[in-house]
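**Student:** Chains as they are written, first to last, in the working numbering: chain D, 1 to 348; chain A, 1 to 72; chain Z, 1 to 250.
Quick caveat, the hints were computed from the structure, so don't treat them as lab data. Backbone N, C-alpha and C fix where the C-beta goes; we use that ideal spot for every residue, glycine too. Be a bit skeptical, because a hint or two may be false.
[Said to hold, decoys possible] Only part of the chain A face toward chain Z is listed, based on derived beta-carbon distances under 8 angstroms:
id, residue
1, Met-1
2, Ile-10
3, Tyr-14
4, Asn-19
5, Gln-23
6, Phe-47
7, Glu-50
8, Arg-51
9, Tyr-52
10, Pro-54
11, Glu-59
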Amino acid sequence: MSKLLLQGNQAIVYAAERAGLGFFAGYPITPASEILLEFVGRKRVKVLQMEDEIASINAIIGASLAGRKTMTATSGPGFSLMQESIGLAHMMEVPLVIVNVQRVGPSTGMPTFPAQGDIMQSRFGSHGDYCPIVFYPNSVEELYQHTFSAFNAAEESLSPVILLSDGFISHIYETVELKTYPTVDRTRPPLGMGRRHFTGLTHKDNTKPVTSDPEVHRALLRHLKKKCEDVSEKYNFYEYIGNDTADTLLISYGALSRAAYKFRDKYALFRPIRIFPIIKDLKEIAEQYESVIIMEMNLGQYRNQVESVVHKHVELVSLTGGKIDLKEIWDKLTAIKGRGRKRVSVAD
Amino acid sequence: MPQRKGEVAINHRYCKRCNICPQFCPTNNLEIVKGKLVAYDRCIACFNCERYCPDMAIEVVKIYNVETPATG
Amino acid sequence: MEDTTRFKRFLKEKNLPTPWCPGCGNGIILKSTCDAFDELNLDTDKTVVVSGIGCSGRSAGFFNLDSVHTAHGRAIPMAEGIKIANENLHVVVLSGDGDLLGIGGNHLLHASRRNTPITIICFSNEIYGMTGGQVSPTSKQGAKTITTPDGCKDTPINVQALIKAHNCFYARTTTFHLKHLKKCIVEALRHPGLAFVDVICQCIVNNGRRIGFKDGYDMLMHYKNTYKINENADLLKEGEIGITKVGVVK
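For reference, chain D alone in the conformation it holds in the complex:
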């Protein structure tokens, strides 16, 4: 098996191609541009550079309906543009993969610096209710592996799956073993082979929009939620490093979780890889510890989600501005300890 020194963004492309990707549409954006670039010249994948991210996601929805496995890649600003169509893809039950390489926002922010500001956007970005499956690996090797997971989860759940990365993981070089993971094939016939009507309106069995029956809508929502939750159970990826001597659980994910390993002597560590739907085991794990701290490169987007699962107060260490500094992290962690169990978070 061959080993290659790959950049995070390249690893996504290598994996996507091996997972059966047939169509890629994208628009250049720092720090995700290398994904579009890496696809150029790969014969098995049709590549389209569109006029914007909205066109990109709609083109891949179309191509996915036409029977191909599809993907797009973007960063925060482009991801915001895609939100409406992500809701559409959930409603039409279209499998696709969206890679979001996060950068510092809001707005143009600091394009070349990493951030974790799109956590809520990944979960709640589109209007209406839906239940997306979101992966957020923390190394190049894992990006490679979970690109397969994202494609498989998308095919199984017939829904868009989001693969989060950040400017840090996507731009470091690490060795990757080019393993081939099992892939899931499309079962739904492609466009043309049916008399279906795919619509963003509330509908029943892909035949006709039903826009005035609450029961039909409720049944549709239940179906969309259940299938994603059921499928996500098969992709229960997380990393838990227990610590008998520690009384605190430190939760982190993505780029920042690499820094957390430095504190494994003092804390128990938990790192979700499938960040949404939230790993259910987290509740049980958190119960073993007196307190829980979450470390994020945002102002606490995942904290509220975690609190809703562990049912206790979660302290926050927030590192914004794209800077990961061990001393700063340690200072903030000890500041929390020093304040005991008071409901105060350390944000900058």
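Given chain D's structure and the hints, the job is docking chains A and Z onto it.
**Tutor:** Okay, now just chains A and Z, sitting in the frame of chain D:
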């Protein structure tokens, strides 16, 4: 001289009484009476109503010739 | 007797009646499109209809084909994705002027630049009908709508110039000129690149009756009197309808 005659069928479930076909009809064969489109027996099978109906609610279903006595 | 209802094989009759207002021209375009499909005898397994949002967006659901009803303005990129993913499919976009030229204007600009082989049928009724009659990109200067009670001050979009600038197929027709309408759609479907058919159609309830028309018939008669067919034009003038020659504009 034979005269072309026709017969229309109206699908009242589709018809929205938009009043397009009665005005296209050259023989005033169609009329909206008490909120319902009705057809008389003056149809000459010109197909204007069928072609211009936006709701696919009216169709010429039968065409036949009748001998009319020569006049004057 | 010639069967004039053969087009119905392209319709899901159980979904009828259409949700459109009495006198609306959308149904005429829906019917003519099916008629054109029938004339070309398109393979129902290889034809896909894509529509956007608005009154016209509902048209896709009535075709007895695989159809996609997209987000507002995004019919064209989705059609492009379908076409490029499977080149054997005929991809037909049916949508309104607000959808294709307003919110989706950028996609039309770039799709024509790429010359993706899709057929676009634009229901150009000069109004945002579904939302109650707001001014649209094709509303004529001076048009009174609920958002421009003193008359629209902007010039309508020159979609012909946009399409012709990239040497794509452009035809303009109306819902009155039925034979011409069908011919335009047939020619557009035969065209190997991007084809745009601009169908001027009546919206009586939210546009016509505010600007002095009595009913749908009245508007159709207005089209009859206003538009003259010009079959040999490089560029159509105002008041002309026809199929413009492809490949003449530099």
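**Student:** All hints, please: hold or fail.
**Tutor:** Going through the hints against the structure:
1. A cut of 8 angstroms between beta carbons decides the hint on Met-1 of chain A: the least distance to chain Z is about 21 angstroms, and the hint is violated.
2. The closest approach between the C-beta of Ile-10 of chain A and any C-beta of chain Z is roughly 13 angstroms, which is over the 8 angstroms cut-off, so the hint fails.
3. Interface restraint check for Tyr-14 of chain A: the shortest CB-CB distance to chain Z comes to about 4 angstroms, inside 8 angstroms, so the restraint holds.
4. At about 5 angstroms, the closest approach between the beta carbon of Asn-19 of chain A and any beta carbon in chain Z falls short of 8 angstroms, and the interface hint on this residue holds.
5. With 8 angstroms as the threshold, the beta carbon of Gln-23 of chain A comes within range of chain Z, its nearest partner Cβ sitting at about 4 angstroms, so the hint holds.
6. Look at Phe-47 of chain A: its Cβ gets to within about 6 angstroms of chain Z, closer than 8 angstroms, so that hint holds up.
7. Of the supplied interface hints, the one on Glu-50 of chain A holds, with its beta-carbon coming within about 6 angstroms of a beta-carbon of chain Z, less than 8 angstroms.
8. The criterion of a C-beta within 8 angstroms of any C-beta in chain Z is met by Arg-51 of chain A, whose closest approach is roughly 5 angstroms, and the hint holds.
9. At a threshold of 8 angstroms, the smallest CB-CB gap from Tyr-52 of chain A to chain Z is about 7 angstroms, leaving the interface hint in force.
10. Annotation: interface hint on Pro-54 of chain A holds; nearest CB of chain Z at approximately 3 angstroms, less than 8 angstroms.
11. Residue-level restraint check for Glu-59 of chain A holds (minimum Cβ-Cβ distance to chain Z is 6 angstroms; threshold 8 angstroms).
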